[in-house]
Amino acid sequence: MSTERLRKYGFVAGFLVVPLTLYLVFVISPYIQAFQLALTSWNGYQRNPTYVGLANFGKLFDDEVFWQAIRNHAVILLVLPLLTIAFALFFAFLLNLGGGSRGAGMRGVWGSTFYKVVFFAPQVLAVAVVGVLWKAIFRPDESGVVNGALIKMGLDPVGWLTEPSLALWSLLAVMIWQAVGFYVVLFSAGMAAIPRDYFEAAALDGAGRFRLFFSITLPLLRDTIQVGWVYLGIAAFDCFALIQVLSVDAGGPDGATTVLPVEIYKTAFSYNKVGYASAMGVALFFLTITFAVLTLRVSRREKIEL
Amino acid sequence: MRNKPKPSVFSGLSHLALVIWALLIILPLLWTFLAAFKNNTEIFGDALQLPAEVRWENWARAWDKAHVGTYMINTVVVVFFGTAGTMLFGSMAAYVLARYTFPGQRLIYLLFVAGMAFPVFLAIGPLFFVVKQFGLLDSHVGLVIVYIAYSLPFTVFFLAAFFRTLPEAVAEAAKIDGASHTRTFFQVMLPMAKPGIISITIFNVLGQWNQYLLPLALVPGDKEKWVITQGIADISTIAGYEADWPALFAALNLAIIPVLVVYIIFQRQIQSGLGAGALK
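Each protein sequence line maps, in turn, to chains V and D.
When the letters of the first sequence are read in order and numbered with full-length UniProt numbering, they come out as residues 1 to 306.
When the letters of the second sequence are read in order and numbered with full-length UniProt numbering, they come out as residues 1 to 280.
Everything labelled a hint here was simulated from the structure, so no lab data went into it.
It is possible that some hints are incorrect.
[Said to hold, decoys possible] Pairwise CB distance ranges, derived in the manner of DEER restraints:
#1 V/GLU163 - D/LEU48: 19 to 29 Å
#2 V/LEU155 - D/ILE257: 30 to 40 Å
#3 V/SER165 - D/PHE134: 40 to 50 Å
#4 D/LEU110 - V/GLY208: 43 to 53 Å
#5 V/THR50 - D/ILE257: 49 to 59 Å
#6 D/ILE73 - V/TYR271: 25 to 35 Å
#7 D/GLU57 - V/LEU294: 52 to 62 Å
[Stated by the list, open to error] From the derived model, a few chain V residues whose C-beta atoms are all more than 10 Å from chain D:
#8 VAL52
#9 LEU83
#10 GLY154
#11 ALA192
#12 GLY206
#13 GLY233
Built from N, CA and C at the ideal position, the CB exists for glycine as well.
Given these sequences and hints, build the entire structure.
Printed below as a string of structure tokens:
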């Protein structure tokens, strides 16, 4: 028994030593350091960082760029999930119940597999590549296909990425373009799992498609939609690769599209203010946690009401 | 004979909406593909016109002069070893955390799970200096190690849940047969966990292929070491200075087409693999 115990613990320790070491050194340690450095004015070169207490956070709250980033996160956090989920539910519903009627039954459109494959494709492209793709499409002159088409029709070109009031919406359109397909597949799987009987019984009662959607599909899909919302919310706090690559001057024009990850990267690696960048990272962390907690709280309350 | 469904207005409208979205996906990709065969005059002349001839030299310039070939190979190497390491160490950690009780078991598990809650941007500054201290900046070895480390939280979380569902009777039977813990893991439990491992492998391949922040921060100097995401972004910037848009479009397609081909071949597995993340 003692030998078996030793063998068991030896096995456990042997299996954990590499993953745990890698994890502690490269993930946990930098996270802990970030909280420490957030209280310093370290520039990455000084031997001993100068402790400044909460001065970085005070400076952060006075920083207009920080608040611009927060406002952009708020817009993205609202628009990205809302439109992505709305489009995805719409398409998933069509794919599953958008076909012709046959007796009391309803069925999906033919070719639904083809549509799912096409819709999902942007999801497997690297975000940086998608950024380069859409940068070419949105080019401000006739070499961009959108403005090329407008110019050909005798209209003025639009500054999709260069107009401050429009740039964030153009970026949101690209995010939605890439994300919708994933949720179409996710929601389609959820809808396919709903027993066919539910729909047929409701149809016999004379319910049309829209009533089917709001009375049956939506309620039964609630958990899946919640998962989607959490995912898109987390994505709303990132957006680094797309904005870094696609926007003018990484977050421009004039900060119109900046987000905290972009500012953190700039501050740490272009301005060499590692302490201040870590303070931004801490702020981002608390925003993300707040979102996660609020979302879980809402879903828990809904569960209790049922 | 199955009743042929009656055509209906709603069905037609369904197809119309679905086709419109499908075109919104396909047309941008198709446009960049055609642009890869044009010259600068055609690209700036009329964005909607077809290329006058098939110019494969654009692709040759993208592969050689713009180094897309190097970037692609670098990416394949890094993602291959990154994913292999993630799956090996992730499986090992998940297995013992899910199926063994020992002092610190719960603490270690929660430590891994907590990693999913922390945005990587919180750590990116300090991480740069940790990697620097190990002499692993501008190094594929460094990038692989960091990819593994940052892929572990979700991998451990997902596979631990999966290993927990495997029947105890099988492990007991192997034990009675005298199998060691290691043999039980590699020859019995790992094969049984195959569906979960396939899903999470695909998830990790796509996640690491997509990675942009980590290579940007940790492989900033030596262009020969760059992966495709930072390479494409750089080519996009350079294209403006060198006025070589055709090579940019060719480079873009060299980055897109192989991924789409692999996707079309493995689309069912890829969809379920990415979906694995949503079922946590």
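Now the hints, each set against the structure:
| no. | hint | result |
| --- | --- | --- |
| 1 | V/GLU163 - D/LEU48: 19 to 29 Å | 23 Å, holds |
| 2 | V/LEU155 - D/ILE257: 30 to 40 Å | 33 Å, holds |
| 3 | V/SER165 - D/PHE134: 40 to 50 Å | 46 Å, holds |
| 4 | D/LEU110 - V/GLY208: 43 to 53 Å | 49 Å, holds |
| 5 | V/THR50 - D/ILE257: 49 to 59 Å | 51 Å, holds |
| 6 | D/ILE73 - V/TYR271: 25 to 35 Å | 33 Å, holds |
| 7 | D/GLU57 - V/LEU294: 52 to 62 Å | 55 Å, holds |
| 8 | VAL52 | 16 Å, holds |
| 9 | LEU83 | 13 Å, holds |
| 10 | GLY154 | 14 Å, holds |
| 11 | ALA192 | 13 Å, holds |
| 12 | GLY206 | 16 Å, holds |
| 13 | GLY233 | 12 Å, holds |
Comparing the model with each earlier hint shows no violations; every hint is respected.
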